[in-house]
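Student: Each protein sequence line maps, in turn, to chains Y and H.
Positions 1 to 437 (my numbering) are the ones given, in order, by the first sequence.
Positions 1 to 314 (my numbering) are the ones given, in order, by the second sequence.
Quick caveat, the hints were computed from the structure, so don't treat them as lab data.
Cβ atoms here follow ideal geometry from the backbone N, Cα and C, with glycine treated the same way.
There's no promise every hint is true.
If you want the footprint, here are the derived chain Y segments under chain H, 3+ residues with CB under 8 Å [stated by the list, open to error]:
| hint | stretch |
| --- | --- |
| 1 | 204-212 |
| 2 | 327-335 |
| 3 | 385-399 |
Just the calculated beta-carbon pair ranges, DEER-fashion [said to hold, decoys possible]:
| hint | chain 1 | residue 1 | chain 2 | residue 2 | range |
| --- | --- | --- | --- | --- | --- |
| 4 | H | M231 | Y | D397 | 22 to 32 Å |
| 5 | H | S52 | Y | S179 | 37 to 47 Å |
| 6 | Y | G433 | H | V40 | 55 to 65 Å |
| 7 | Y | S192 | H | E91 | 30 to 40 Å |
| 8 | H | D13 | Y | E347 | 34 to 44 Å |
| 9 | Y | H321 | H | D51 | 21 to 31 Å |
| 10 | H | Q227 | Y | H321 | 26 to 36 Å |
| 11 | H | Q227 | Y | A253 | 37 to 47 Å |
| 12 | Y | S192 | H | R245 | 26 to 36 Å |
| 13 | H | S52 | Y | A112 | 31 to 41 Å |
| 14 | Y | S192 | H | R270 | 28 to 38 Å |
One-sided and incomplete, this derived list gives chain H residues near chain Y with beta-carbon spacing under 8 Å [stated by the list, open to error]:
| hint | residue |
| --- | --- |
| 15 | R54 |
| 16 | T107 |
| 17 | S108 |
| 18 | W112 |
| 19 | G128 |
| 20 | R174 |
| 21 | P197 |
| 22 | P198 |
| 23 | E199 |
| 24 | T202 |
| 25 | V205 |
| 26 | S213 |
| 27 | V214 |
| 28 | C260 |
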Amino acid sequence: MSGPATNIVNIVGGRIVDSTTDANGRSADIHIVDGRIALVVASGGKLPAAATVLDASNAVVSPGFVDLHTHLREPGREDSETIETGSRAAAIGGFTAVVAMPNTDPAQDSRAVVEFVREQGRRAGLCEVVPSGCITVGRAGERLVPYAELMKSGVTLFTDDGNGVQDPLLMRRAFEYSSDLGITMAQHCEVSRLTAGAVMHEGACCSHLGLPGWPAIAEELMVYRDIELVRITGGRLHVLHVSTARSVDMIRAAKADGLAVTAEATPHHFTLQDESLRSFDPVFKVNPPLRTMVDTEALKAGLRDGTIDAIATDHAPHPDHLKEQPLDAAPPGMLGLETAFALAIGELGMDLRSVLACLSWNPARIAGIDDRHGRPVAEGEPANLAVLDPGGAWVVDRARVASKSRNTPYHGRSMTGRVRHTVLNGRAVVIDGVAQR
Amino acid sequence: MKHLRSIPELGVDGIVRILNLADHMVEVNRRPVPKVPALVGRTVVSLFFEDSTRTRISFETAAKRLSADTMTFSVSTSSVNKGESLRDTVETVDAMGVAAFIVRHKTSGVPWQLSEWTDASIINAGDGWHQHPTQALLDCHTIRTELGRSVGRECLAGLRIAIVGDVRHSRVARSDIQAFTALGAHVIVVGPRTLLPPEVHTWPVAVTSDLDSVIGDVDVLYMLRMQRERMNEALVPDLGEYSNRFALDRARASRLRADCLVMHPGPMNRGVEMMVDPSDLARSVITRQVSNGVAVRMAVLFDALGEANSEVSS
Numbered sequence: 001m002s003g004p005a006t007n008i009v010n011i012v013g014g015r016i017v018d019s020t021t022d023a024n025g026r027s028a029d030i031h032i033v034d035g036r037i038a039l040v041v042a043s044g045g046k047l048p049a050a051a052t053v054l055d056a057s058n059a060v061v062s063p064g065f066v067d068l069h070t071h072l073r074e075p076g077r078e079d080s081e082t083i084e085t086g087s088r089a090a091a092i093g094g095f096t097a098v099v100a101m102p103n104t105d106p107a108q109d110s111r112a113v114v115e116f117v118r119e120q121g122r123r124a125g126l127c128e129v130v131p132s133g134c135i136t137v138g139r140a141g142e143r144l145v146p147y148a149e150l151m152k153s154g155v156t157l158f159t160d161d162g163n164g165v166q167d168p169l170l171m172r173r174a175f176e177y178s179s180d181l182g183i184t185m186a187q188h189c190e191v192s193r194l195t196a197g198a199v200m201h202e203g204a205c206c207s208h209l210g211l212p213g214w215p216a217i218a219e220e221l222m223v224y225r226d227i228e229l230v231r232i233t234g235g236r237l238h239v240l241h242v243s244t245a246r247s248v249d250m251i252r253a254a255k256a257d258g259l260a261v262t263a264e265a266t267p268h269h270f271t272l273q274d275e276s277l278r279s280f281d282p283v284f285k286v287n288p289p290l291r292t293m294v295d296t297e298a299l300k301a302g303l304r305d306g307t308i309d310a311i312a313t314d315h316a317p318h319p320d321h322l323k324e325q326p327l328d329a330a331p332p333g334m335l336g337l338e339t340a341f342a343l344a345i346g347e348l349g350m351d352l353r354s355v356l357a358c359l360s361w362n363p364a365r366i367a368g369i370d371d372r373h374g375r376p377v378a379e380g381e382p383a384n385l386a387v388l389d390p391g392g393a394w395v396v397d398r399a400r401v402a403s404k405s406r407n408t409p410y411h412g413r414s415m416t417g418r419v420r421h422t423v424l425n426g427r428a429v430v431i432d433g434v435a436q437r
Numbered sequence: 001m002k003h004l005r006s007i008p009e010l011g012v013d014g015i016v017r018i019l020n021l022a023d024h025m026v027e028v029n030r031r032p033v034p035k036v037p038a039l040v041g042r043t044v045v046s047l048f049f050e051d052s053t054r055t056r057i058s059f060e061t062a063a064k065r066l067s068a069d070t071m072t073f074s075v076s077t078s079s080v081n082k083g084e085s086l087r088d089t090v091e092t093v094d095a096m097g098v099a100a101f102i103v104r105h106k107t108s109g110v111p112w113q114l115s116e117w118t119d120a121s122i123i124n125a126g127d128g129w130h131q132h133p134t135q136a137l138l139d140c141h142t143i144r145t146e147l148g149r150s151v152g153r154e155c156l157a158g159l160r161i162a163i164v165g166d167v168r169h170s171r172v173a174r175s176d177i178q179a180f181t182a183l184g185a186h187v188i189v190v191g192p193r194t195l196l197p198p199e200v201h202t203w204p205v206a207v208t209s210d211l212d213s214v215i216g217d218v219d220v221l222y223m224l225r226m227q228r229e230r231m232n233e234a235l236v237p238d239l240g241e242y243s244n245r246f247a248l249d250r251a252r253a254s255r256l257r258a259d260c261l262v263m264h265p266g267p268m269n270r271g272v273e274m275m276v277d278p279s280d281l282a283r284s285v286i287t288r289q290v291s292n293g294v295a296v297r298m299a300v301l302f303d304a305l306g307e308a309n310s311e312v313s314s
């Protein structure tokens with residue numbers, strides 16, 4: 001066969017927005033060879049031929065997104081999602097890396113499981129799957145995981161997500177022990193004694209619906225505890241899925257004090273409220289729960305002023321037969337990977353570059369993968385890229401999601417902001433919204 | 001009305017319509033043969049995921065007096081225990097040709113979920129702590145008839161009704177408060193803060209934890225059932241303390257106005273919230289609530305399933 005090799009990709013007609021540009025970016029065409037950006041020329045300039053030419057006209061070329069919070073369900077719940085199907089949803093959503101949450105079966109508390117997850121991600125080849133590790137063995141909240149051992153498998157983010165670490169002594173030790181290892185403790189903040197049986201946010205809406213409430217203070221007590229533990233131990237804290245206004249305030253104050261604290265918010269927490277449960281549709285059941293407009297506005301303000309560093313999806317697939325149960329029995333969680341960009345662009349009132357900071361280079365730094373993700377779109381850099389059409393309109397259809405499950409709370413909703421192409425290690429894994437493998 | 005899932009969905013006009021129909025049904029029930037052919041050939045299924053013999057029998061009696069065919073689906077004997085999903089259960093029974101499901105479930109919202117999966121009418125016989133609309137309707141009917149008021153949008157206007165006890169976990173209280181206030185009554189909820197709902201200030205009621213401050217000046221005293229398992233959740237220190245503060249005992253009974261109605265949704269916890277025998281009270285209407293339940297449920301089933309022009313008295 002003649003012609004350029006398949007490892008050569010050109011992206012033409014676009015406007016680069018990255019951590020080094022201003023909000024308007026700069027028009028440029030890009031030539032990619034062997035996984036790296038080989039050449040960036042002014043728009044319309046001469047590029048060598050390529051096997052694949054990606055049209056970026058009226059679009060933005062940015063570093064690929066990084067999700068700090070993805071449930072891929074493999075190993076253990078492959079009926080909900082597999083690493084392959086979850087990776088496909090991620091790629092379609094513009095993500096070139098996702099941090100795999102550890103609440104698998106078995107849990108990600110050993111090198112064997114962590115290596116398996118990473119390898120399954122490589123096999124799928126649609127995005128980089130970065131395994132997190134557990135804080136405690138089996139996420140049981142009783143014994144610490146050998147962090148340094150897991151670091152040999154490249155793990156830098158540790159979490160018991162799904163559970164908060166309840167024991168304050170154990171958490172103090174985790175921060176102390178890890179404080180000189182350069183790793184981050186990512187906490188699911190929930191004092192579980194205050195949330196037994198909870199289905200939704202405790203407030204006026206739950207009061208009328210007669211559903212057991214999940215009070216804001218159950219999150220805020222643990223946010224406070226962990227911030228103060230960081231203060232005395234020198235550990236590093238990442239607050240997962242912040243959901244309340246007071247949590248945002250505490251994180252803002254902690255950052256002002258110079259503590260090593262970062263935080264993420266999910267699109268569903270900044271776009272939906274507890275009132276959604278008036279339909280009694282378990283698709284709106286999530287943990288932590290959807291809260292009030294006051295909280296929604298506080299999360300948006302926190303993202304705008306940098307208190308909250310990252311937008312993370314908490315993508316949590318569940319099959320219909322599990323979601324179609326009474327609200328107390330239905331598992332919490334909703335899909336997020338394929339809708340995150342549109343919701344961030346459409347709902348936050350932030351300029352594109354600020355949104356990309358929250359979706360790409362900030363989370364890449366928190367995940368410890370900023371040597372290859374969230375990089376500037378420049379010659380010599382790894383080609384992990386997303387081509388975005390900020391004005392592209394589409395409608396969410398639960399029947400057409402790439403995820404193996406369909407539990408999106410946005411079914412039927414009109415979105416503005418589309419991911420056109422995704423490039424992973426120099427290969428076009430999504431072209432015109434269609435996964436290539 | 002296709003479904004009866006909640007009092008707010010029914011609305012004040014719907015409440016008035018049911019109360020009017022209930023008067024007709026009371027008349028039917030007085031006949032030598034208390035039965036009309038209004039629902040001949042229609043199948044009504046009681047789908048009870050939570051035990052409640054009383055409510056189920058009341059509904060089934062009502063359905064039979066309207067000549068409907070009735071079937072009972074109870075969880076203890078069903079495939080639900082074999083892992084069948086809610087959706088599969090209702091779709092399977094629905095496929096047999098059902099006009100209405102009467103649904104009881106321990107979890108709020110199940111009647112709304114089921115109505116996504118069937119075209120049949122859904123009659124809520126109690127969901128979680130949320131709604132028990134036929135109880136509220138029979139309570140309105142009982143108060144109205146006992147006080148000799150004619151049916152209308154304001155038929156409980158000016159009445160002071162105290163609801164005492166575990167409001168937080170009570171679907172009866174939620175439905176009653178909505179129905180009573182819709183018809184013009186003033187409702188006072190009485191209980192310890194731990195047994196009142198969160199954000200109770202958003203409810204259209206007055207709130208107190210001092211039963212003695214209100215008991216001498218109410219038209220209706222509505223006692224709620226106090227479940228013993230609440231003791232395990234640190235919601236009240238112990239049953240003795242609860243009874244001392246919130247039970248209807250002799251001393252409190254002696255302070256009731258002579259015309260004050262005493263109500264209870266049943267089953268009563270004697271020695272907990274009821275320290276007196278209802279038969280010793282001047283105007284206990286607790287058994288009247290039960291007998292009115294059949295007429296009101298006949299009214300509800302007729303409203304949901306009856307032909308627009310069919311005659312109750314035919």
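Student: Against each hint, give a clear statement of whether it holds in the structure.
Tutor: Against the structure, the hints come out as follows:
1. 204-212: It holds, with 7 qualifying residues against the three required.
2. 327-335: Check passed, 3 qualifying residues.
3. 385-399: violated (count 0)
4. H:M231 / Y:D397: 22 to 32 Å: 50 Å, violated
5. H:S52 / Y:S179: 37 to 47 Å: For S52 of chain H and S179 of chain Y the Cβ distance comes to about 57 Å; the hint is violated.
6. Y:G433 / H:V40: 55 to 65 Å: 57 Å, holds
7. Y:S192 / H:E91: 30 to 40 Å: 36 Å, holds
8. H:D13 / Y:E347: 34 to 44 Å: 39 Å, holds
9. Y:H321 / H:D51: 21 to 31 Å: For D51 of chain H against H321 of chain Y, whose Cβ atoms are near 26 Å apart, the range 21 to 31 Å holds.
10. H:Q227 / Y:H321: 26 to 36 Å: 32 Å, holds
11. H:Q227 / Y:A253: 37 to 47 Å: 43 Å, holds
12. Y:S192 / H:R245: 26 to 36 Å: 31 Å, holds
13. H:S52 / Y:A112: 31 to 41 Å: 51 Å, violated
14. Y:S192 / H:R270: 28 to 38 Å: With Cβ atoms ~37 Å apart, the hint holds.
15. R54: At about 20 Å, which exceeds the 8 Å cut-off, the nearest Cβ of chain Y leaves the hint on R54 of chain H violated.
16. T107: Cβ of T107 of chain H sits 4 Å from chain Y, so the hint holds.
17. S108: 5 Å, holds
18. W112: For W112 of chain H, the interface hint holds, since the closest Cβ of chain Y sits about 4 Å away, which is under 8 Å.
19. G128: Check passed: Cβ of G128 of chain H comes within 5 Å of chain Y, closer than 8 Å.
20. R174: Holds: closest Cβ of chain Y sits about 6 Å from R174 of chain H, inside 8 Å.
21. P197: 4 Å, holds
22. P198: Where the cut-off is 8 Å and the nearest Cβ of chain Y is about 5 Å from P198 of chain H, the hint holds.
23. E199: 4 Å, holds
24. T202: This interface hint holds because 4 Å falls under the 8 Å limit.
25. V205: Where the cut-off is 8 Å and the nearest Cβ of chain Y is about 12 Å from V205 of chain H, the hint is violated.
26. S213: Constraint on S213 of chain H not satisfied, violated at 24 Å.
27. V214: Violated, about 22 Å.
28. C260: It is violated, given that the least Cβ distance between C260 of chain H and chain Y is near 28 Å, above 8 Å.
Of the hints listed earlier, those the structure fails to meet are numbers 3, 4, 5, 13, 15, 25, 26, 27 and 28, in rising order.
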